[in-house]
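*Asks:* These protein sequence lines map, in sequence, to chains A and B. Using my numbering, read the first sequence as starting at 1 and increasing by one per residue. Using my numbering, read the second sequence as starting at 547 and increasing by one per residue.
Hints in this document: simulated from the structure, not taken from any laboratory. Glycine is no exception: its CB is placed at the ideal position from the N, C-alpha and C atoms. Worth double-checking, as some hints may not be accurate.
Claimed, not checked - Examples of chain B residues lying across from chain A (beta carbon under 7 Å, computed):
#, residue
1, A585
2, I626
3, S709
As the list claims (entries may be wrong) - Only pairs whose alpha carbons sit at most 30 Å apart, straight line, appear in this in silico DSS-like list of lysine-lysine:
#, chain 1, residue 1, chain 2, residue 2
4, B, K657, A, K425
5, B, K765, A, K343
6, A, K417, B, K657
7, B, K596, A, K494
8, B, K826, B, K657
Unchecked claim - Stretch-level coverage of chain B by chain A, calculated; a stretch enters the list once three of its residues show a Cβ under 8 Å from a Cβ in chain A:
#, region
9, 614-623
10, 660-673
11, 714-725
12, 743-753
13, 848-854
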Amino acid sequence: METASHTVESKTNYLNADYGIKSWLLTTDHKRIALLYLISITSFFFVGSFFAMLIRLELLTPAGDLVLSDTYNKLFTMHGIVMIFLFLIPSIPAVLGNFLVPMMVGAKDLAFPRLNLASWYIFITGAAFILYAILTGGVDTGWTFYTPFSTTFSNTNVVTAALGVFITGFSSIFTGLNIIVTVHRMRAPGLTWRRLPLFIWANYAASVIMVLGTPVLAITLVLVALERVFHIGIFDARLGGDPLLFQHLFWFYSHPAVYIMILPGMGVISEVIACFSRKRVFGYDFIAMSSIAIAVLGFLVWAHHMFVAGISTYAALIFSMLSFFVAIPSAVKVFNWTATLYKGSITFETPMLYTFAFIGLFTIGGLTGVFLASVGLDLHVTDTYFVVAHFHYVMVGGMVTAFMGGLHFWWPKITGKMYPEAFAKLSAVLVFVGFNLTFFPQFLLGYMGMPRRYHAYPPEFQVLNVLSTAGASILAVGFLMPMVYFMWSLQYGKDAGPNPYRAAGLEWMTSSPPPTFNFDETPVVTWEAYNYDEIDAPNKGVEIAG
Amino acid sequence: MWSNLPLFPARASSMAGHVDALYFALVAITAFFTILISALILFFAVRYRKERNPQATQIHGSTALELMWTGIPLGIVMIIFVWSSVIFFIQTRPPKGAMEVYAVGKQWMWKFQHTEGQREINQLHVPVGRDVRMIMTSQDVIHDFYVPAFRIKADVLPGRYTSTWFHATAAGRYHLFCAEYCGTQHSGMVGEVIAMEPADYDRWAAGGVDGSLASAGEKSFQQYGCSMCHRADAAGRGPNLIGVFGKPVLLDDGRTVSADESYVRESILNPGAKIASGFKNIMPTFEGQLSEEEVIGLVAYVKALGNGSANLPLPVSEPNSGVYPVAPKTEGSVVKSDKTATPPTNAAPAKPAAKP
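Next comes chain B alone, as it looks inside the complex (with noise of 0.2 Å):
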């Protein structure tokens, strides 16, 4: 066991090296303090204790100290406060261009779907030397994407997404741990990320896939009826998807919002949160309906759609023919932006509900 005493993390990100600096400040910061105070206790114990200064010397204070040791740490710890922050605003802000990697925490276990179609399950391959960027979201609890190679962590949220991204630098096996408690097994809520080299990666993710992420999405798009309202030309009752991702929406309350990845898992799960104006309120929501890892399928194709990468696929059946069910509330007659006058499907899911 003495053998294996490592005393540092494994320094495998570009972020590894910033987090050190600052932490190894910091460590200098309060080793001198900790030693500063320390000795000057030492120092005054020996020098005045009463054998040897058997008269104490009353002194009421010194408003020049106060203020120096006001003063001081308040100058130190603003330094800090800057340095800190500009890290932080690297960690927070992905680079443009990063690749993408879903993820999907659920007790106990990590779920991982590359864009090009690999799905893994508590193993995470990923290149060295690119950008990646991880959009999360939770099937239950609050759970923790922590790499300590990498010196990155983010919160796991269930009905949102997060994310997080980083830089690997370094091939090698790295521990990933759930850091937010989660239950009976949060402990082995553990994965590992197994950073590559590029060649090697791209070998891996072309390896025995049947599509990518975006294309699942397609299917789904279609599977579920999305294709009947959500259409390449102006005739559909949704707005069309085309170039949307990325860019702001303007909503029927003169509010705009940016369409990113949690703007579309909204509007699939919750869609009369915010309504793109001159649409209506009538889409059904598929809270229940569609698993996480189909949410995130859709997602992935509405952001190929957005830069051109796919193309809206044709309606799966014709209006009325009485394959969908009829949603309740249709009230298709009043709606100003329907040219159709088909009713908005239910989509029946061709498998039950995922989520109990």
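Just chain A, same shape as in the assembly (with noise of 0.2 Å):
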């Protein structure tokens, strides 16, 4: 605790080492561009769910009444291309990761800060294409972009809105380089592998998916565009082109996509549950490698997408089987945090809320994965709402919610100020009511047959779709109050202190807000991670089990 000594008393910190617009948008200062980050995706995620709010209404009704097919359409497609592209991508690892990455091994910033700054300016440029071929007209391909409707019969701005994801993806290879980099060449000394908080250890396994990824995905957009704008034929049969080609290229980088979503969010539980139940987290190794299995086996398994879309018996067959051991890291994770609660001394703050809420909706998300794993089961309930329910049960449940506990988590530590925490929870609870209501009706729906990207439906679906709107103006009440109270506490909130919750980690042993290179001088680690033993003296000692 030796760092711990410079306080709330020093002055200066990032936030106000520097003043004006400029000191902001020429910054190099990881935590800064963090917090660029942080407002581009915020107001994302409010676009997103906007264009999932006026779904959910013109769900109400089996009639499609409220809107156009074709505007039904194009706000199913563009909430999926904001919310993946702008949201959910760069959510954790360009936001939490790039302020505590740095922070979490000791170092003074990212390796490469000014290739930090232009993933910002990348990813805005990016986003500005896909907000301009929204603002024109729309996209209605859906988020996927399948040929050949993408590339021959839509009659919309497919190719801006390719560009745009293109473009965003350079910022995401960007901030996954970064991340690599730094954990390998910047750890502070003493801090080894095996000393690393399990949130590196996911970041870094998210990160290497999005270098190694990535760029399949732009030779995939580019492809698109030159059958789309040259007539070359790559996807569509009767250019000569093959539409199941497109699929194979797209889903061998959007289903590792998903665990670059859901990783981060991973890393951020394992620090959260650590902390409210003042242990090391139950079998560190093991959570650790199940990243890079995650990592790994998630480049092994893009074809479960495509059991009904017309391949071979034998290749479906391999990638069940391929989809089923992916389950397995995911499982051992969830079994380690919850055995990280034995014999802890746990306490519920909101962050904790969250957590748990993760790990529950999670393990749901999860486990319906194994259904669509299930190849005979898969062909009745794929493209229906079973898939809409079990990817947001990974993506909401798990990642937003991940993501909420981390920014409550890090907020102290980010703005120096603390939130209020009855607010906090009470919004922490919407989330999971609201989250639950809107989305577990939608597993039923599915079963019974409810294809998905339906403007109109059958009526007899109609009971489980109020449910599912109802539900869903729970879930934005729960978003929108942190937006509000996050807001009042910078102003009002009470000083946090460079470590409010006694928590392990070096980002804990500096002031919070951190100056700007984050320490005064270079920590030296001599304890394994998660030494909340040391710090919650008397030190009862380590039981070693097993």
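Dock the two chains into a complex; use the hints.
*Replies:* Encoded structure:
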């Protein structure tokens, strides 16, 4: 705790070190860039949520009576594109990862600070193209850009939107590269790989996927544009192409992209659950290795999106088996988090509530993935609301919940202020209740056979759709509340001090908000991660089981 | 609206029982693990809350536990894998002797053609108690043939045939959905599968038809001049098609393909792709000249030739009668199997090409 002597009294931090718009737009400080990202992705989150609310309102009634079919198709397309490429993928790596990775490894900044700033500008440029595509008429291909619909039949702004996604991909690659190099090269003295926080392991694994997978998506989108603009036969059967080739290429990136989104969330959960049960994370090595296993296996399961698409029987069986394997490392994580609580000393601050919600919802999200990996059952439920429910349990119930948990957990570090605990807990409960009410009925709808991306639907599906829309309104309140109280806390929140939760980890050993170069002197690490026994003296010793 | 709240789809095919059994097993497994994890979290949260347990006990981990909760889930999912694969084999292997229905998806309707000759749009009549195999293609984008009550789904792709099958077990009207997003009226690309008792079905199938699908195919076969080269004797410049369907075909590069629907389709639209051994690449493509329905008729006709239920017609006109324009790439004089010196015909279609 030597470095903790540097406390709130210190007046200079990364927020007040410099003033003016230029000091933000030209900053190379990873913490300021993280805030630029936070502001950007939060805006996009509300744009995407607005589309989601219109979708849910349309689905209140069986007839397609609120918007036109074409409008509806654009709404779900833009909801998907904005949420995935402009919110979920950058959310934890580019905001929390950007802010925390250098601090957690005891470094002054990321390895390539200017590349980091460039990644934000590239992200904004890509986002501008996507927004332009939306404002000038939208896109109606679905976020998946399936061919030959996207290349030959759609009359919307496919190329502009694809170009936007193509460009944001580079920001993702830059962020991944920065995290990988920082973790390899800039760890503080004594901070061995096995002493790294699990958040680092998770972001490292996600970064490897970003660097290896994103180029494939970029190539695929270029091919879509080439076929659409120059009619070069690649995917359209009438031009001599193969529509399944597109699906193989697209999912080769887009399935691993699911792990880009969820792995960093899992990293947040490991940090939070250790802190609020005052314990070392159970099975550290297994959680760390399961992140790597997910990153590797994640590249081998893409064709489980294509079981009904016309691939061969044996290809389907192999991808089915590999998809079952990828469930195992996720299960290992869930069991280890649960075991971490055993004999802990548990408190229930807001981040911990989000963590509990994450474990429950991710368990359901993961297990319903097993339904979809079961090829014989997938034939019935794929392309229905069952899939919609499944991936929202993983993406919103898992990833967004983890992001909210992480944002609350590190808010005092980022801003130096505490958020109001009571409101925060209420919003966590609203998110949990609203989420389940929104998406659980969709599992039932899916098994009954309601296809996804339907503007109008048979009347027997109405009751469950009404429940889902009702849940979405609760969810919306749950997400709007933090906007208000986080803003409020900037002005009126209690001063947090360097370490309000007495949490382990280098990021808590410097002041809040941290100084520009994070640490007044480079820390030397002599302890394991999650050394809560040392923090919570009297030390009762370490019990080693197994 | 509350009186109409089904929570489970109708079960109307032989497949439904298999799929539902696996579904319920997985629901049970999901419920078990979700409740287990939630109960443990709740129990630990209460038992080890700070007020009751002010000091945590540090535990590094347990290899035995790790192996257990790696091994048990792995065992469970491997059982599920085998189970679901067995179902998948049933789903992907249509029984021999299944009756066949051809489907063409287009933005935004379903067109069905029965071998007896009936044609339908957005309605599919099928008999209860018989195996029905769907042979499907798309005229434009990817569609998906989905009948929830039958628990079957298969993408319908442009440029190739895909197939699925079912065995309806209860008479009734069931939803047919397009399950692959296909544009503006995707949610309007819906229809009904009408499962009928066999006697009712036979009555329906016999009503108001002026010829089977194969006979429609035979007409096209003559109209497009196929019969000029594909003759019933060994003298044609194309292979004699009698008895070919369903058999292996030796290609000129030494490979062997099975003469299934996809091969026949490809040989009509892209004849150069796989040349039967002993023949030259002289057949013109019919890409863009035939509608998918006409191709289906031709496939059904070739199939009928394969099982001997149809015969090759005589050529519609004598060679060199001047009716047919000479195809640009004939090179008939160098054709080894060319016994007649008739130039291959480009078979000017009687009507303009249906496709743009």
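*Asks:* Hint by hint, say whether it matches the structure.
*Replies:* Hints, one by one, checked against the model:
1. A585: For B/A585, the interface hint is violated, since the closest Cβ of chain A sits about 10 Å away, which is over 7 Å.
2. I626: holds (6 Å)
3. S709: violated (9 Å)
4. B/K657 - A/K425: violated (55 Å)
5. B/K765 - A/K343: It is violated: about 82 Å lies between the C-alpha atoms, which goes past 30 Å.
6. A/K417 - B/K657: Violated, at roughly 65 Å.
7. B/K596 - A/K494: holds (23 Å)
8. B/K826 - B/K657: violated (35 Å)
9. 614-623: Coverage by chain A holds here, the residue count being 5 at a Cβ distance below 8 Å.
10. 660-673: violated (count 0)
11. 714-725: holds (count 4)
12. 743-753: It is violated, with 0 qualifying residues against the three required.
13. 848-854: Our answer is that it is violated, as 0 residues pass the Cβ test (under 8 Å) against chain A, missing three.
Hints 1, 3, 4, 5, 6, 8, 10, 12, 13 from the list above are not met by this structure, while the remaining hints are.
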